[in-house]
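In full-length UniProt numbering, the protein residues as written are 1 to 465.
These aren't lab readings, by the way, just hints derived from the structure by calculation.
What you are looking at is a predicted structure, and each value in this text was computed from that prediction instead of being measured.
Glycine included, C-beta positions come from ideal geometry on N, C-alpha and C.
Incorrect hints may appear among the rest.
[What the hints assert, rightly or not] The calculated label-pair distances, taken between Cβ atoms and stated as ranges, are:
{"hint": "1", "residue 1": "346", "residue 2": "139", "range": "52 to 60 angstroms"}
{"hint": "2", "residue 1": "206", "residue 2": "315", "range": "30 to 38 angstroms"}
{"hint": "3", "residue 1": "137", "residue 2": "62", "range": "22 to 30 angstroms"}
{"hint": "4", "residue 1": "366", "residue 2": "160", "range": "41 to 49 angstroms"}
{"hint": "5", "residue 1": "219", "residue 2": "149", "range": "29 to 37 angstroms"}
{"hint": "6", "residue 1": "354", "residue 2": "139", "range": "46 to 54 angstroms"}
{"hint": "7", "residue 1": "61", "residue 2": "19", "range": "12 to 20 angstroms"}
{"hint": "8", "residue 1": "64", "residue 2": "139", "range": "38 to 46 angstroms"}
{"hint": "9", "residue 1": "440", "residue 2": "149", "range": "42 to 50 angstroms"}
{"hint": "10", "residue 1": "206", "residue 2": "78", "range": "31 to 39 angstroms"}
{"hint": "11", "residue 1": "15", "residue 2": "417", "range": "40 to 48 angstroms"}
{"hint": "12", "residue 1": "327", "residue 2": "170", "range": "54 to 62 angstroms"}
{"hint": "13", "residue 1": "114", "residue 2": "334", "range": "55 to 63 angstroms"}
{"hint": "14", "residue 1": "132", "residue 2": "428", "range": "18 to 26 angstroms"}
[To be verified] With a straight-line cut-off of 27 angstroms between C-alpha atoms, the simulated DSSO-like cross-links for lysine-lysine are:
{"hint": "15", "residue 1": "35", "residue 2": "71"}
{"hint": "16", "residue 1": "207", "residue 2": "406"}
{"hint": "17", "residue 1": "113", "residue 2": "71"}
{"hint": "18", "residue 1": "314", "residue 2": "298"}
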Amino acid sequence: MSETRKGKDHLVYGGYRYKFERAGPKENIWHCEKKRHEKCRGRAYTANNEVLRVHDEHNHAPDAAKNEAKKIRAEIKNSAETLSDPAKVILACCTQGVSKSASAQLASVRTMKRCIRNYRVKALNSHPIPSSLVTLSLSDKYLRTQNGENFLLFDSGASNDRILVFGTQSNLHHMINSSEWYADGTFKVAPLLFDQLYTIHVARFNKVIPTVYALLPNRQQSTYVRLLTALKDLAPNLNPVSITTDFEKAAKNAFEIVFPNAMQNGCLFHFGQCFWRKIQSMPDVSKNYVSDPDYALKIKCLTALAFVPPHGVKEALEVLITDNFYSSSTDIESLVDYVEDTWVGTNRRGKERQPRFAIEEWNCFHRVAENLARTNNAIEGWHRGFQTTLGASHPSIWKFIDTVLKEQSLNELQMEQHLAGETPQPQRKRFRDLSDRLRALVEDFENRPIVDFLTGIAHNLSLSV
Numbered sequence: 001m002s003e004t005r006k007g008k009d010h011l012v013y014g015g016y017r018y019k020f021e022r023a024g025p026k027e028n029i030w031h032c033e034k035k036r037h038e039k040c041r042g043r044a045y046t047a048n049n050e051v052l053r054v055h056d057e058h059n060h061a062p063d064a065a066k067n068e069a070k071k072i073r074a075e076i077k078n079s080a081e082t083l084s085d086p087a088k089v090i091l092a093c094c095t096q097g098v099s100k101s102a103s104a105q106l107a108s109v110r111t112m113k114r115c116i117r118n119y120r121v122k123a124l125n126s127h128p129i130p131s132s133l134v135t136l137s138l139s140d141k142y143l144r145t146q147n148g149e150n151f152l153l154f155d156s157g158a159s160n161d162r163i164l165v166f167g168t169q170s171n172l173h174h175m176i177n178s179s180e181w182y183a184d185g186t187f188k189v190a191p192l193l194f195d196q197l198y199t200i201h202v203a204r205f206n207k208v209i210p211t212v213y214a215l216l217p218n219r220q221q222s223t224y225v226r227l228l229t230a231l232k233d234l235a236p237n238l239n240p241v242s243i244t245t246d247f248e249k250a251a252k253n254a255f256e257i258v259f260p261n262a263m264q265n266g267c268l269f270h271f272g273q274c275f276w277r278k279i280q281s282m283p284d285v286s287k288n289y290v291s292d293p294d295y296a297l298k299i300k301c302l303t304a305l306a307f308v309p310p311h312g313v314k315e316a317l318e319v320l321i322t323d324n325f326y327s328s329s330t331d332i333e334s335l336v337d338y339v340e341d342t343w344v345g346t347n348r349r350g351k352e353r354q355p356r357f358a359i360e361e362w363n364c365f366h367r368v369a370e371n372l373a374r375t376n377n378a379i380e381g382w383h384r385g386f387q388t389t390l391g392a393s394h395p396s397i398w399k400f401i402d403t404v405l406k407e408q409s410l411n412e413l414q415m416e417q418h419l420a421g422e423t424p425q426p427q428r429k430r431f432r433d434l435s436d437r438l439r440a441l442v443e444d445f446e447n448r449p450i451v452d453f454l455t456g457i458a459h460n461l462s463l464s465v
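All chains should be modelled from the sequences, with the hints used to inform the complete structure.
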């Protein structure tokens, strides 16, 4: 059984194509598609999606090529409406293995690509794009998972600072049962009218999984507080031990307000990003960093401070900058000042000045020693994969929710497989080797001169945005 482009049911049986005529008391009746134009009296009778019998002979031969072509057109339409793949990819998948006879029945590739665009526009227009967060109204289609579970956890209400939080009660259960949370925001995938998608992931069964998908109107501290307070109202037992975030002050402060007992960790990946952006703001330093490997190694020794025990970071920096390299130019001195002001703190004229971010927030010595995650890389990877699946920046709210629902369905499948005992996918060898080297260096910290230790760590680091 299939569906025509106009949404009507068709039955293909014995090489003939039938249109639905009517439902009888015990069976459904179908007539040949050529009844009107060729007066064909062929009929078929079905019940419970099975053909019971056919009646009267057709006055024409079956057309297998035409039936195959119609089936392909239906597959193309369905793929266009449900997948975000490019038109070329959809055509390649749907026409794979098509017979020569059916190929001749299909429209040109150019025409089929145009049809795909038209299908998508029509599907999009079936749900008009809201003009504001005030007028946004969600239909039941976008409020439930494929299992029928409620998917909208929180809606702050019609206003210009509206917050929508998607997830399930099962996801909240995972959050309650996980001591480690990982939070991050991304902006390109946020649908129109919203500023960002903010996700919270948790560690479960040796895997990091997304649990909350929050659409936020801005990046203000009060907005993050509203989000986290709503989650705590939904699940009062939420009590994370460790929260790993980027170095956005507003989000960090909000977590401290709502979950004051949780230990906050900065992400090494974002720590490196901050350094790299600072380097890029200094043309001479950036140029030398790219062209001179030994110069780059000296710069990376500053980021290697993240692997020194927290109580020894200030002393390690003082020893490191006795090297003439760190006073060789005004730019390098400015970079050292940045490290002191932002990450380590200063002690000038006997007055100690605290850094913008406490050492404990970005230091990863203990996490490496205990073989815990150093970075939010799993979340960064999830965001990249989600954007690829979405296939567009700043999509419509409908396309966004539809993609998140598919992501939720995949996560539920993976979680059930883990519960059934499936072995988690192993980490790539190069990442395992990197972790082993860093852990070996950290465990040998007491036996190495501090500059040698920092240099050893620096050999294993890379800076990027």
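Which numbered hints turn out to be false for this structure? 3, 14
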